[in-house]
Amino acid sequence: MFYREAGDFKVSYVDDSQTFPIKFDRYRYYVVLAVAFGIIPFIINDYWANALLLPFLIYAIAAIGLNILVGYCGQVSLGTGGFMAVGAYACYKLMTAFPDVSMFIHVILAGGITALVGVLFGLPSLRIKGFYLAVATLAAQFFLVWLFNRVPWFYNYSASGQINAPEREVFGIIITGPNAPAWATYLFCLIFLTVCAVIARNLTRGTTGRKWMAIRDMDIAAEIIGVNPLRAKLTAFAVSSFFVGVSGALFFAVYLGAVEVGEVFGIQKSFLVLFMIIIGGLGSIFGSFAGAAFLVLLPVVLKVVGADMLGWPTDIVAHLNLVIVGGLIIMFLILEPHGLAQLWRVAKEKLRLWPFPH
Amino acid sequence: MPDQLVFAMEVILNGLMAGVLYALVALGFVLIYKASGIFNYAQGVMALFAAMTLVGIMKGQVPFAHLINATFGTHIHYFGWNVPALLAIILTMAVMVLLAWAVQRFVMRHLVGQEPIILFMATIGLAYLLEGVADLMWGSEIKTLDVGLPQGINLWIDESTFNIFGYGFFIDNLDIVATVIAALLVAALVAFSQYTKQGRAMRAVADDHQAALSVGISLNFIWVMVWSVAGFVALVAGIMWGTKSGVQFSLSLIALKALPVLMLGGFTSIPGAIVGGLIIGVGEKLFEFAIGPMVGGATENWFAYVLALIFLVFRPQGLFGEKIIERV
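Quick mapping for you: the protein sequence lines, in order, are chains A and B. Per our numbering, the first sequence runs over residues 15 to 372. Per our numbering, the second sequence runs over residues 10 to 337.
Bound-form chain A, shown alone (with noise of 0.2 Å):
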């Protein structure tokens, strides 16, 4: 009743290719439109913002850019960390060196820097599949992180290695560095995610993407009936490192300020990023959204009731996260391999019979 296609008639073709083809689909996104871009700026104070916001929408960045190369192409990377470091470390050499260009053009340059680097480590996934690609991809992980850390020309020779976001502006608002206001750097980082969504959202839906997917189901018989699985892969680790690398240089330059290396982009960030699309839903853009929503909510969840209400120590509250984590990722391969995303997708056949349901 609430959810349905019947009536919903089109007239001409740009109506008929549109993003989202069905009435209630367009109007709940217009909807999420408009409270993220109208009415958020002017509630959000720090605490929000950099507790939950900023890292979901930097997150969702990710997952969507890994959810292109696991779910949509079925290479799996565990190099994530790896390429959100170049994306990182690309913006911070752009931003010293260039200190009166926009901030978005930094940011895109980066991706654009991470989308090469990614392709050169996505170069041996012609020859390898499955987890040995995913061993590969360690192997960037690795030696990327080295590189940031032992190379000091990445790091402008500061002396502790470290690097730290100097302050930036975009149209005379100051975006990077600690004066930066809330509502600025949350707009800042919305406006990527939804042009990154978008974007994906019609390359997935394209021939591109289709291209992706019939490598991933079967990358020899998609061979067969014509699809270049050297263009298709490497088109995949490139879309999918330039949406990893923006999520980099967001995750560094707004929402963190300072990075070391090590520390923020381990491969504990990898596993993260791949936890996200596992529980939100492989292959589906609003399963990277949503599985990035419940992996920044958790901890904070867990936080507030275990440590706040309850009173234990942190650690135990740490421990509690990977033991919850480690399960839902167990149980959500188990009972629902397709994740969040195919829960909704289940809620939406509901609502369609509501309240007919025979």
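Hints are computed from structural coordinates only; laboratory data are not their basis. One or more of the hints may lead you astray.
[Claimed, not checked] Here's a subset of chain A near chain B, in silico, CB distances under 7 Å, partners left out: (1) L134; (2) P138; (3) R141; (4) I142; (5) L152; (6) A153; (7) F156; (8) W160; (9) A173; (10) Q176; (11) W326; (12) I330; (13) V339; (14) G340; (15) I343; (16) I344.
Note that CB positions come from ideal geometry on N, CA and C, so glycine has one too.
For chain A, the structure is supplied; the task is to place chain B on it using the hints.
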């Protein structure tokens, strides 16, 4: 003899010893992979879990003490007894068997027939779960493990090499013990899989699940057994690494080191795990020795992976692995 050459020889020897330890972890992977086609990422965390349990039992720690104290406001930490090492090892082994059963019963049984990559991700989840449980059970502080293995420089080698080369090699006693134990372990495993009924059943399952089922082999039992054996290997590796560098979180990262070992040696080959381990051990130590100082050191973190990566491009199945044949 030139000094550099002598140093290089010492580095190679130490690399061989380190390689043995890598091979020890890699063995656990190979066992599970061969018998059930599961790539068990949790192997390293199993080693950590085993080592922590061993320390906990030896010191008479109360399991979940922190959690109990936090919930009920009590202050219990120790039972107040110390368990001798041998008994503690046996008890730990019992815990590992229990763990193997639980993993099989609650996780792997529900995932039979899934794609390998899904199983792989499930074991990543398992690794997180196990790490959290281990920390909750025994606390996350760094512990020392001492089961009476000899440690420190081997004086005999030091002296004899000093007499030959005019420079004494530094070889840790523990590494020598580890090498001996690893050799024994491999021999025992090979004997087990060749000459016992259960071992043969295990190989049959590895060969063909359905054929094994049809001749009356219980898959459930075999899988519990395989996970137990992997738990045993994890325990041995945990003891070695724990004695060497303390029982702490980084122990679980040696699992990651075992991955390139496996890629070099091939996922399905026990000799491959050994040879791969030795190549990686020697390779990374030599690389660090020769090239490391030029590029800022700590190349050990990534050398193994990059070596495996380059190797994979030319020979995807590893040195001793079975050739991968794909059909539509």
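Going through the hints against the structure:
1. L134: At about 11 Å, which exceeds the 7 Å cut-off, the nearest Cβ of chain B leaves the hint on L134/A violated.
2. P138: 5 Å, holds
3. R141: Interface hint status for R141/A: holds (5 Å vs cutoff 7 Å).
4. I142: Holds. Min distance 5 Å.
5. L152: This hint holds: L152/A lies near chain B, its Cβ roughly 5 Å from the closest one there, short of 7 Å.
6. A153: 3 Å, holds
7. F156: 4 Å, holds
8. W160: Holds: closest Cβ of chain B sits about 5 Å from W160/A, inside 7 Å.
9. A173: It is violated, given that the least Cβ distance between A173/A and chain B is near 16 Å, above 7 Å.
10. Q176: Cβ of Q176/A sits 17 Å from chain B, so the hint is violated.
11. W326: This interface hint holds because 5 Å falls under the 7 Å limit.
12. I330: 6 Å, holds
13. V339: 5 Å, holds
14. G340: 3 Å, holds
15. I343: Holds: closest Cβ of chain B sits about 3 Å from I343/A, inside 7 Å.
16. I344: 4 Å, holds
Consistency with the previously given hints fails for numbers 1, 9 and 10, ordered from lowest to highest.
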